[in-house]
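Novice: All chains, please: the whole structure from these sequences, using the hints.
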Amino acid sequence: MSAPSVASVAPPVLPDQEELIRRLLSDTPLLKDTSDHLIQVVNVLETYGIVLDAYSRNLVDQGNKQLLNPFPVFRFFHEGFSLKRLWDHLLGDRINFEYAEYCQKAMFWHGTGGLDAYLDSEEFESACQKIIQCKSARDPLLAITNKLYPGFAPESIRSLTTIYCLGLFWRIMSDIFIDLARRYAIKEVVCVRDVVHHIRDGLVAAAGSPITYKVTIGNEEIWVLPPEAGLTFLVDVAVPYVEAVFFRGMPFLGTVSYNAQARQISPDISDFKYGALYADPIPSMGAGIPPSLCMQDMYRHLPEELSTWYDDHGRGQVDVHVQICVSFQKSMFCVTNGAIAGTMPHSLDTDDPEQQAANRAYAESWSGRLMGCQRGALL
Amino acid sequence: MLLSILLLIPFLGALALILWPGSPSSARLRDISIVLLAAQCVASFALLLPFDPADAGLQLIEQARWVHVIGLDYALAVDGLSLPLVLMNGVLCLVAAIASRSIENRPRVYFAMLLVISGAVNGAFLAQNLLLFFLFYELELIPLWLLIAIWGGANRAYAATKFLIVTAVSGVLILGAFLGLAFVTGTMDFSLRPVLAGELSLTVQLILMGALLIGFGIKIPLFPFHTWLPDAHTQASTPVSVLLAGVLLKLGTYGLLRFCLGLFPEAWQLAAPWLAGWAAISVLYGSLAAIAQDDMKRMVAYSSVGHMGYVLLAAAAATPLGLMGALFQMVSHGLISGVLFLLVGVVYAKTGTRDLNVLRGLLNPERGLPLTGSLMIIGVMASAGIPGMAGFISEFLIFRGSLQPFPLATLLSMVGSGLTAVYFLLLVNRAFFGRLAIAPGEVVNPRILDRVALREQVPAIALSIGVLALGLAPALLSNLSEAATTGMSLSTGGLS
Amino acid sequence: MTSELSIPIQTAWLIPLYGFAGMVVALPWACGWFRRQAHRAAAYLNILLTLLAFAHGSLILQEVLRAGSVDLVFPWLTVADLDLDISFSLSLTNMVALELITGLSLFSQVYSLGYMDKEWALARFFALLGFFEGAMSGVVLSDSLFQSYFLLEMLTLSTYLLVGFWYAQPLVITAARDAFLTKRVGDVLLLMGVVALCSFSGAMGFTDLYVWAARDSLSPLAATLLGLGLIAGPTGKCAQFPMHLWLDEAMEGPNPASILRNSVVVTCGAIVLLKVMPILQYSPVALVVLLVIGSISAIGGSLVAIAQVDIKRTLSYTTTAHLGLVFIAIALQIPVLALLLLFSHAVSKALLSMSIGGVIASTNCQDITELGGLGSRMPATTTAFLIGAAGFVGFLPLGGFFALAQAIDLLSVRSIPFMAIFLITNSLTALGLVRVFRHVFLGDSLIKSRRAAEVNWQMALPMVALSVIVVLIPFLLVRLESLEGLLAFPLWAAVLVVASGLAGLVAGALLPLSKAWSRSLNPLLRWFQDLLAYDFYTERFYRITIVNVVAEISRLAAWFDQTIVDGLLHGVARFSLSSAESLKLSVSGQTQSYVLTVLVAIVLFLTSVSWFLT
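Residue numbers (the numbering used here), protein chains in the order written: chain A, 1 to 379; chain B, 1 to 496; chain C, 1 to 614.
Worth flagging that the hints you see were computed from the coordinates, not collected in a lab. Hints may contain errors.
DEER-style ranges, computed between Cβ atoms [what the hints assert, rightly or not]:
{"no.": "1", "chain 1": "A", "residue 1": "G376", "chain 2": "C", "residue 2": "H570", "range": "33 to 39 Å"}
{"no.": "2", "chain 1": "C", "residue 1": "P75", "chain 2": "B", "residue 2": "D52", "range": "17 to 23 Å"}
{"no.": "3", "chain 1": "B", "residue 1": "A64", "chain 2": "C", "residue 2": "L27", "range": "50 to 56 Å"}
{"no.": "4", "chain 1": "C", "residue 1": "V550", "chain 2": "B", "residue 2": "S23", "range": "52 to 58 Å"}
{"no.": "5", "chain 1": "A", "residue 1": "V204", "chain 2": "B", "residue 2": "R447", "range": "26 to 32 Å"}
{"no.": "6", "chain 1": "C", "residue 1": "T545", "chain 2": "A", "residue 2": "S307", "range": "31 to 37 Å"}
{"no.": "7", "chain 1": "B", "residue 1": "L408", "chain 2": "C", "residue 2": "V285", "range": "52 to 58 Å"}
{"no.": "8", "chain 1": "C", "residue 1": "T563", "chain 2": "A", "residue 2": "Q264", "range": "50 to 56 Å"}
{"no.": "9", "chain 1": "B", "residue 1": "P21", "chain 2": "C", "residue 2": "R36", "range": "48 to 54 Å"}
{"no.": "10", "chain 1": "A", "residue 1": "R369", "chain 2": "C", "residue 2": "V550", "range": "45 to 51 Å"}
{"no.": "11", "chain 1": "C", "residue 1": "A55", "chain 2": "A", "residue 2": "V73", "range": "21 to 27 Å"}
{"no.": "12", "chain 1": "B", "residue 1": "P53", "chain 2": "C", "residue 2": "L59", "range": "39 to 45 Å"}
{"no.": "13", "chain 1": "C", "residue 1": "V24", "chain 2": "A", "residue 2": "F71", "range": "27 to 33 Å"}
{"no.": "14", "chain 1": "B", "residue 1": "M1", "chain 2": "C", "residue 2": "S69", "range": "55 to 61 Å"}
Ideal Cβ placement from N, Cα and C applies to all residues, glycine included.
Specialist: Structure follows, in structure tokens:
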């Protein structure tokens with residue numbers, strides 16, 4: 001029963017802002033390029049890709065089927081209903097789609113970017129009214145509710161639109177991550193820098209994909225997000241998503257008090273620092289930590305290689321969710337890294353001083369935000 | 001014969017361990033002692049078969065002449081007072097052996113000492129001869145001293161010496177009282193049954209009882225004789241602490257009931273109001289001192305001072321209900337402090353500290369010690385007297401039994417019960433709630449603790465189940481002992 | 001037990017066990033035995049068990065309505081002159097209270113499925129809810145003071161664990177601690193009362209206690225102390241002044257538990273007080289204290305509620321206030337009124353709590369000055385708030401109105417000042433709720449309420465269902481009580497109640513609202529505002545007084561222990577045993593000192609014996 005001795009290691013030095021800028025401008029990954037990091041990042045992104053695939057199918061399905069449904073009891077049964085699935089659902093032997101909705105809520109609530117702006121446009125409003133009219137004809141409850149609470153139906157449609165768009169976004173991300181695992185398996189990806197490049201290239205390739213949303217009521221088709229709105233994948237959905245989920249997030253009830261008098265939460269939501277890059281992995285699976293659901297979903301699809309790697313680290317399988325969370329945070333830094341690289345104003349190997357200055361200013365603005373994040377994950 | 005088996009198993013077992021051929025490993029020795037102590041435990045529970053709960057007197061009497069010339073005879077018997085304590089000794093010694101993992105330093109001596117203690121305690125609870133009792137009472141002292149002095153913490157020398165000297169004084173006082181009793185009555189008969197004291201003058205009774213009171217008061221321990229206990233606990237290893245708090249302190253309270261109250265009822269009645277006051281002071285003092293502790297183990301140790309004070313209160317009242325409460329309290333304190341010390345031991349083994357200023361967030365489900373934390377909540381709530389667990393019914397019986405004779409002391413003791421909630425809540429809130437950290441300012445990446453295997457928790461889980469069982473079905477114990485405690489009571493304590 | 005009892009009644013002892021069983025069945029998940037599954041199965045099982053408890057209760061309720069009340073007694077512990085039984089009184093009031101508890105528990109558990117849908121540790125949460133529900137069911141059915149105390153303390157423990165559910169959050173830690181300790185203070189005082197009563201009367205069953213209290217005359221001092229002890233427990237449970245602080249802090253806990261705490265937990269405390277009421281009548285001082293506590297809580301609580309900016313706390317203080325009215329009713333020995341107030345309060349308060357939970361869930365915000373304009377977008381939540389408020393305040397002909405009108409009628413013949421307190425509390429409550437409604441549901445959308453969709457269906461469904469129930473309460477009351485008993489109040493009483501409600505409504509509607517929570521510029525007004533916002537600085541007062549005193553004394557005790565007691569011991573040791581030091585040094589050679597000590601002991605023993613022999 002001897003007490004374990006404390007290893008006296010000097011605390012590691014976190015990369016400072018200059019270092020972050022240097023890495024961004026020199027095409028060096030933010031994350032330290034080690035083989036351990038490679039194993040974690042690629043495998044976690046693979047399992048995340050599998051989970052995102054399920055999330056995105058479900059969200060897209062919700063967008064197609066749950067329009068103004070007051071009791072979407074079976075909204076998680078996008079694969080069709082069966083007693084076996086119901087049983088698994090009740091037992092909790094399933095993907096936690098609640099977490100997908102949580103991310104959607106963060107995106108919807110923070111409301112930044114082009115998609116959110118379009119939700120307040122007149123075109124959108126008139127589409128909503130059209131939908132409500134069509135629906136009300138068949139649904140007297142909706143007709144009454146809409147009379148009494150005119151804001152309800154449009155807000156529900158806005159929320160469902162975000163659900164659908166997030167589904168589309170995750171579809172693309174899932175494909176990028178699964179493809180990454182494929183390339184890793186055939187040794188096309190051999191270091192963290194390759195991972196960042198893969199993500200960057202995937203994002204750039206998908207950047208211009210149009211985001212549209214059409215609902216069908218009876219036999220009438222209504223465009224909620226018409227192609228004319230010109231919404232695209234990267235700037236209108238991906239960037240707001242990164243803003244809402246990676247950076248701002250929503251305060252966890254398990255770690256922050258909502259008490260108004262305690263004033264722990266900023267009144268200005270753009271100041272929020274509760275996102276994935278700021279998160280503390282240690283309380284994972286504790287009470288009031290919503291991403292625990294996502295960690296569990298990833299745990300259920302953990303690749304063999306990473307599972308074995310975890311066996312030899314931390315507490316082995318006992319704290320596997322915390323370890324997944326640590327790895328997940330690392331991989332999200334890689335995704336952010338890829339996104340920054342993909343949105344650099346100019347090519348990194350440019351010789352034009354003006355372009356270099358623009359790149360530097362861009363890298364500075366990002367590094368400023370990254371400074372407050374869990375930089376310990378980069379080591 | 002059954003009673004002698006309870007002595008033979010541990011004593012012969014200890015001898016066997018010492019003489020075991022070759023150099024058996026620590027794990028092997030532990031297995032052997034677990035088997036022996038399990039056998040002893042089973043044998044203690046076997047007493048329940050021939051035991052007649054309705055009989056208030058001594059049962060299963062075993063007698064033999066021994067050093068008759070000095071009045072030392074071999075006389076064992078069991079009654080409703082000693083039986084539950086023997087059972088508890090059986091359980092806790094087994095638990096202590098199970099909890100003795102990885103004893104690398106002289107395992108042979110360690111486990112032999114453990115067995116000697118368990119035999120000696122059985123002997124003391126069963127002895128019906130004053131000198132025999134004293135012999136066993138002293139016999140348990142030296143192994144315990146060694147267990148602290150050899151397998152203790154950094155400051156073990158000081159704590160062990162303090163323990164030895166103070167408890168030796170206790171022994172001298174008790175022996176003095178016994179000899180004095182024989183001297184003034186002019187007989188050579190040290191057997192417990194003849195009530196000799198009745199013929200003595202009250203002054204002599206008071207003097208003799210006073211010596212016994214202080215002697216046992218040191219052992220219990222009561223304020224101001226308690227300072228050896230926190231030191232001994234902090235230096236002792238976990239299994240030794242379990243034994244010390246769970247079993248050895250009970251020798252003091254048992255002595256109080258059996259010898260002070262049993263031999264000198266008149267003097268006892270006279271002193272009772274003072275004793276009740278003393279009890280209340282001890283309760284409040286122990287609780288208040290516990291609040292200020294930063295070391296989890298010291299806190300639990302001081303809580304023992306407070307909680308054993310209840311026993312004195314109930315003994316002072318000496319009503320049937322109070323004495324039943326005292327017995328309940330002895331048993332429930334044994335179980336509860338066993339749980340608490342085991343869990344504190346786990347925390348210390350995994351984190352390397354017991355400092356409440358340093359430990360944070362141990363309830364963390366994957367990196368912390370969640371099961372330890374959950375059991376700790378059960379343990380501290382039981383200790384704080386939350387119903388459904390053993391502590392509550394003990395306290396209720398004690399308070400109900402003592403309120404009429406000593407209203408003020410009882411009410412003050414109830415305040416002490418409220419204070420228990422304060423310090424144990426602080427313990428749980430500080431060490432187990434919050435974000436995980438094991439050193440001050442350790443915010444970014446707490447050191448990864450060794451995981452706790454389920455089997456390491458088996459003793460604490462078993463004792464917790466006992467705590468719950470006794471709290472939900474107290475009739476299990478009261479049926480066993482009611483005749484005896486009622487027989488010992490001085491007043492009916494009935495309705496006014 | 002006679003065989004003629006029907007099976008539901010014979011098995012009534014199962015009812016508290018459903019809740020406790022819920023805790024037990026949730027344990028495997030809570031302990032993490034299922035690695036691959038989420039913990040929702042534990043939640044469904046708990047809901048099922050609660051449904052079972054509710055159904056079983058309603059079967060018994062029907063029997064009781066048909067054939068009158070039944071008592072069940074099971075022996076538990078008999079020692080010397082002490083007889084402790086497990087006893088249930090299946091009377092109409094108890095069964096209605098039980099249905100209230102299991103029903104609201106059912107609603108809040110379904111609600112939890114929605115509110116906590118992002119929560120991983122669901123099994124632990126539902127285990128605690130089960131424990132909570134079991135203890136409460138036991139308390140209301142209990143027919144013995146001992147059993148009531150037993151379960152009240154369990155309730156204290158489960159409150160601690162539920163408030164502490166998010167144990168990693170710093171304010172939760174202090175909130176859980178304060179909830180436990182405040183209630184514990186009340187409980188210890190109650191325990192003194194229980195033990196004293198048990199010693200004096202020798203009985204613990206309520207009926208025996210009533211007989212004893214009527215027969216035996218205690219000295220005034222004893223009666224007073226006893227009475228004060230008995231009211232201390234419920235004062236803590238019902239969050240009454242001066243033990244009200246915990247309810248405010250307990251709002252750190254999960255909202256579904258807050259629903260229960262605000263509605264039925266306080267009801268449990270009040271029901272225990274109701275059960276000891278016949279004993280209290282022999283203690284005039286205790287009754288006066290009850291009146292004072294109730295009045296201060298009613299008026300003070302209402303005022304403090306108006307000054308809160310936290311949406312949960314605006315509500316929790318009205319609970320303190322309303323329970324103050326219940327205390328007054330009990331002190332004036334009007335049990336019917338107390339029950340009526342409790343019932344109407346519990347249902348409408350649960351609905352209000354659900355509604356604000358919806359607001360929090362969709363805006364991530366509890367600060368009413370940061371919210372606004374939710375009304376048109378959240379039909380279920382808004383309707384729930386409106387109906388809950390209407391059922392709570394005496395204005396529209398719903399539960400609150402009937403209870404208050406009845407109160408005014410009954411009080412008019414007893415005490416005009418307390419009638420005024422009821423009316424003022426009604427006005428202030430109306431004012432406070434209108435203020436919250438205007439802040440949260442009306443006005444412009446602010447940044448945190450700009451995008452807020454209606455809550456998910458698991459939350460909306462219980463809200464809608466309970467809204468319907470609140471609207472139907474008058475009919476339920478009529479069915480339970482005889483018609484004439486309820487509607488017997490004169491018109492002027494109804495007019496007074498409506499007028500007081502209207503006054504509060506108008507005042508609340510005209511009150512200038514300031515979004516940027518700016519404190520008043522007038523120093524006197526600002527002082528008053530702060531005083532109320534910080535709950536009369538009660539927390540600071542306790543910190544400076546009781547907490548400090550206990551901390552100082554305990555530090556003193558520890559110092560005394562280290563320096564004086566231990567120092568004295570060291571002195572004595574040095575003085576009498578100069579060899580102690582050498583002994584201390586010799587421990588390094590353990591074997592030698594072992595032998596030495598054995599020798600010393602034996603020599604000591606033999607010399608004493610030989611001294612005796614000579």
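Novice: Decide, hint by hint, whether the structure agrees.
Specialist: Hints and how they fare:
1. A:G376 - C:H570: 33 to 39 Å: Taking Cβ atoms as reference, G376 (chain A) and H570 (chain C) lie about 49 Å apart, which means the hint is violated.
2. C:P75 - B:D52: 17 to 23 Å: 22 Å Cβ-Cβ, so the 17 to 23 Å window holds.
3. B:A64 - C:L27: 50 to 56 Å: Distance hint for A64 (chain B), L27 (chain C) holds at roughly 52 Å.
4. C:V550 - B:S23: 52 to 58 Å: Holds: the Cβ-Cβ distance is about 55 Å, inside 52 to 58 Å.
5. A:V204 - B:R447: 26 to 32 Å: Violated, at about 42 Å.
6. C:T545 - A:S307: 31 to 37 Å: violated, 56 Å
7. B:L408 - C:V285: 52 to 58 Å: violated, 20 Å
8. C:T563 - A:Q264: 50 to 56 Å: With a Cβ separation near 42 Å, T563 (chain C) and Q264 (chain A) fall outside 50 to 56 Å, so the hint is violated.
9. B:P21 - C:R36: 48 to 54 Å: holds, 51 Å
10. A:R369 - C:V550: 45 to 51 Å: holds, 47 Å
11. C:A55 - A:V73: 21 to 27 Å: holds, 22 Å
12. B:P53 - C:L59: 39 to 45 Å: holds, 41 Å
13. C:V24 - A:F71: 27 to 33 Å: holds, 32 Å
14. B:M1 - C:S69: 55 to 61 Å: Given range 55 to 61 Å: holds, Cβ gap about 57 Å.
Checked against the numbered hints given earlier, this structure breaks hints 1, 5, 6, 7, 8; the rest are met.
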